[in-house]
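**Student:** Residues 1 to 619 (the UniProt record's numbering) make up the sequence shown, in order.
Treat each hint with caution, since some may be false.
Unchecked claim - Label-pair ranges, simulated between beta-carbon atoms: (1) E183 x L409: 48 to 56 Å; (2) A548 x K509: 53 to 61 Å; (3) K321 x R437: 19 to 27 Å.
Stated by the list, open to error - Calculated lysine to any residue pairs in the SDA-like style (CA-CA distance at most 20 Å, straight line): (4) K298 x L326; (5) K481 x M574; (6) K546 x K556; (7) K563 x E505; (8) K6 x K503; (9) K556 x E512; (10) K281 x K546; (11) K514 x A552; (12) K280 x V2; (13) K318 x S328; (14) K549 x E522; (15) K325 x K346; (16) K287 x S3; (17) K287 x M331; (18) K346 x S459; (19) K503 x K563; (20) K549 x E565; (21) K423 x M28; (22) K503 x Q465; (23) K346 x S270; (24) K503 x L553; (25) K509 x S555; (26) K346 x S328; (27) K481 x E322; (28) K423 x E505; (29) K423 x Q465; (30) K281 x L440; (31) K287 x K298; (32) K287 x V323; (33) K514 x Q498; (34) K540 x L521; (35) K514 x S459; (36) K318 x M330; (37) K385 x M576; (38) K556 x K540.
In short, the hints are calculated from the structure, not lab data.
Backbone N, C-alpha and C fix where the C-beta goes; we use that ideal spot for every residue, glycine too.
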Amino acid sequence: MVSRCKARKRYMKQLVKARHAFAAAHSMYIRSLRNTGSALLQFATAETSLHHHHLPPSNPPPPPPLPSNPPPPFSPMSWTTTSTTPSSAIRPPPPPPPAPSASTWDFWDPFMPTSRRPESEEWETTTATVSEATVTHTTTVASQNVAAPPSVITATTTNTTTNTTASSELAVVVSTKGKDLVEIIRELDDYFLQAANAGGPLSALLEVPVCNFNRQSSLGKDNGYGKSLTPLLWSWGSGSAKWNAFGKFCEDPIGNAAQVAANGNATHCSTVERLYAWEKKLFQEVKNAEYLKSEHEKRVAALRKLEMKNAEYIKSEKAKKEVEKLESQMMVAVQAIETTSIEIVKLRESELHPQLLQLVKGLMSMWRSMYEFHQVQTHIVQQLKYLNCIPSTYPTTEIHRQSTLQLELEAQQWHLSFCSLIKAQREYIQSLTGWLRLSLFQVGNNPISKSKHGSIMYSFCEEWQLAMNNAPDNVASEGIKSFLTVIHAIVVQQAEEQKEKRKSESVFKELEKKAGELRSLESKHGPSYAMPETSGDTSKDPVREKRAKVEALRSKAEDEKAKYEKSISVTRAMTMNNLQMGLPHVFQAMTGFANVCTQAFESVINQSKSTNDLHNVKL
């Protein structure tokens with residue numbers, strides 16, 4: 001019994017820590033969704049500026065003139081914005097939409113038009129309602145006399161949760177208006193924010209500050225593109241309410257736990273911590289009872305020896321008094337164990353069980369919303385393949401390089417926080433199930449410790465643990481990691497571009513220096529100067545030698561310039577290609593994971609209802 005109670009205390013201690021870790025991981029994941037969308041938008045804004053702010057000249061400037069005549073002032077970087085693309089180049093029309101599929105629905109892209117519609121056709125709207133884990137879409141298609149691909153414009157979702165079901169209406173408007181990269185990514189950012197906000201109800205249950213995000217609140221200091229390059233962090237704690245980094249006041253549920261508990265509506269955090277306190281008390285009481293039992297057995301054995309030896313009356317009476325005293329103490333200890341056990345059962349059934357049901361319902365609702373939002377994001381990024389930007393030769397700016405590094409950091413945080421969230425929830429439910437398995441064993445003689453509610457609760461937690469163990473988190477984790485990989489490839493290419501830039505600048509600086517020396521030599525000796533013949537040596541012309549070195553250096557500078565320009569074009573092409581290839585995969589992976597989680601948690605809740613109904617029928 002002592003060993004079992006010690007294990008119960010250990011499991012409850014782990015549960016307290018796991019609950020804190022679960023809450024922290026959830027908070028970090030919600031924050032990472034918001035930050036990833038924000039970083040992706042500022043990255044796209046910086047990338048798009050390289051296309052919109054650059055007007056290629058009709059012809060590249062001529063190379064620096066030969067130093068036979070004094071050249072104009074030379075700037076080694078004056079050529080960095082040149083291009084061989086004519087300024088009159090006209091953006092080609094977007095490709096025509098793909099041929100209609102045999103079915104009007106496609107899992108990843110249900111928005112493709114089923115047929116070409118005549119010019120100036122009216123908008124056609126249909127509405128569908130989603131129930132349980134099935135999501136359909138309200139699709140509105142407008143066909144204009146423009147050969148452009150369909151694209152998602154807006155989508156709004158309203159969730160109404162009642163018991164274990166939730167209904168949502170997802171309206172998606174699809175048009176043929178072409179969009180640039182920033183417009184597409186801005187839509188993605190909107191749904192990153194909505195996905196982050198979907199975790200709000202669960203945040204309240206886990207006692208972390210609930211703050212709704214919007215694009216205005218996510219703006220930091222203006223960096224020239226309307227975004228901040230540094231991540232905004234929440235400031236919160238358990239001591240008191242805090243102002244968050246967005247200037248909004250967030251209530252601190254943990255700080256109000258005592259007041260809430262006093263009003264008869266205890267928080268999950270306070271319930272778990274009180275259970276841990278009762279488990280520690282129970283462990284000490286069981287240890288004390290076992291000690292008293294051992295001492296009682298010793299005293300009884302000693303008394304029997306005295307009686308067998310016909311010992312003195314005083315000694316025998318004294319031994320009897322000690323045995324009676326221990327028996328009284330044992331009765332008190334057993335009563336204390338029973339009282340503590342009853343308190344634990346009360347907390348377990350009246351507070352913990354309803355809170356666990358609410359947690360699973362919150363998880364189901366959150367992942368259902370995230371499924372819807374990630375699915376819309378999946379359709380949004382399909383528009384990237386229709387982008388047909390004129391290749392730009394504008395070099396990567398320092399602010400764009402920093403925004404790329406920021407995006408890589410936030411994508412890495414998204415991956416880490418997702419893995420932490422799944423790990424923390426698995427440890428939470430494992431600790432909880434382990435404690436329940438031991439706490440349902442009878443402690444003492446009161447059968448109340450093993451009740452109908454305990455069996456229902458244990459079955460519920462077993463189903464929850466099974467759902468978490470079977471969750472395909474590796475698929476989602478690899479999806480986020482693949483997105484991180486393509487962003488890292490862009491970072492590496494930008495670094496290579498910067499390396500080529502430094503090499504080219506260095507050679508042009510050396511060319512400018514040598515050209516200046518040649519000009520000084522020519523001004524001193526004239527365009528051509530030969531040393532007088534001495535001891536049979538042929539005449540030497542230092543000006544000609546200097547000019548030959550300058551020409552060789554000029555050729556090297558042009559080669560380095562060509563390498564740098566090639567590196568720029570590679571960076572621009574890689575950036576767009578990596579976004580087109582990487583973004584759809586991550587949202588497909590997250591959509592699939594969210595869908596599985598929604599159905600799994602819904603099954604846990606339905607299984608709990610069935611078990612409860614079955615017990616009621618038996619009664």
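**Student:** Would you mind marking each hint as holding or not holding in the structure?
**Tutor:** Okay, the hints, checked on the actual structure:
| no. | hint | verdict |
| --- | --- | --- |
| 1 | E183 x L409: 48 to 56 Å | violated (25 Å) |
| 2 | A548 x K509: 53 to 61 Å | violated (20 Å) |
| 3 | K321 x R437: 19 to 27 Å | violated (43 Å) |
| 4 | K298 x L326 | holds (11 Å) |
| 5 | K481 x M574 | holds (18 Å) |
| 6 | K546 x K556 | holds (15 Å) |
| 7 | K563 x E505 | holds (12 Å) |
| 8 | K6 x K503 | violated (68 Å) |
| 9 | K556 x E512 | holds (13 Å) |
| 10 | K281 x K546 | violated (93 Å) |
| 11 | K514 x A552 | holds (11 Å) |
| 12 | K280 x V2 | holds (12 Å) |
| 13 | K318 x S328 | holds (15 Å) |
| 14 | K549 x E522 | holds (14 Å) |
| 15 | K325 x K346 | violated (32 Å) |
| 16 | K287 x S3 | holds (9 Å) |
| 17 | K287 x M331 | holds (14 Å) |
| 18 | K346 x S459 | holds (18 Å) |
| 19 | K503 x K563 | holds (10 Å) |
| 20 | K549 x E565 | violated (24 Å) |
| 21 | K423 x M28 | holds (13 Å) |
| 22 | K503 x Q465 | violated (58 Å) |
| 23 | K346 x S270 | holds (14 Å) |
| 24 | K503 x L553 | holds (13 Å) |
| 25 | K509 x S555 | holds (14 Å) |
| 26 | K346 x S328 | violated (27 Å) |
| 27 | K481 x E322 | violated (70 Å) |
| 28 | K423 x E505 | violated (50 Å) |
| 29 | K423 x Q465 | holds (12 Å) |
| 30 | K281 x L440 | holds (17 Å) |
| 31 | K287 x K298 | holds (17 Å) |
| 32 | K287 x V323 | holds (19 Å) |
| 33 | K514 x Q498 | violated (24 Å) |
| 34 | K540 x L521 | holds (14 Å) |
| 35 | K514 x S459 | violated (84 Å) |
| 36 | K318 x M330 | holds (18 Å) |
| 37 | K385 x M576 | holds (9 Å) |
| 38 | K556 x K540 | violated (25 Å) |
Of the numbered hints given earlier, the model fails hints 1, 2, 3, 8, 10, 15, 20, 22, 26, 27, 28, 33, 35, 38; all others are met.
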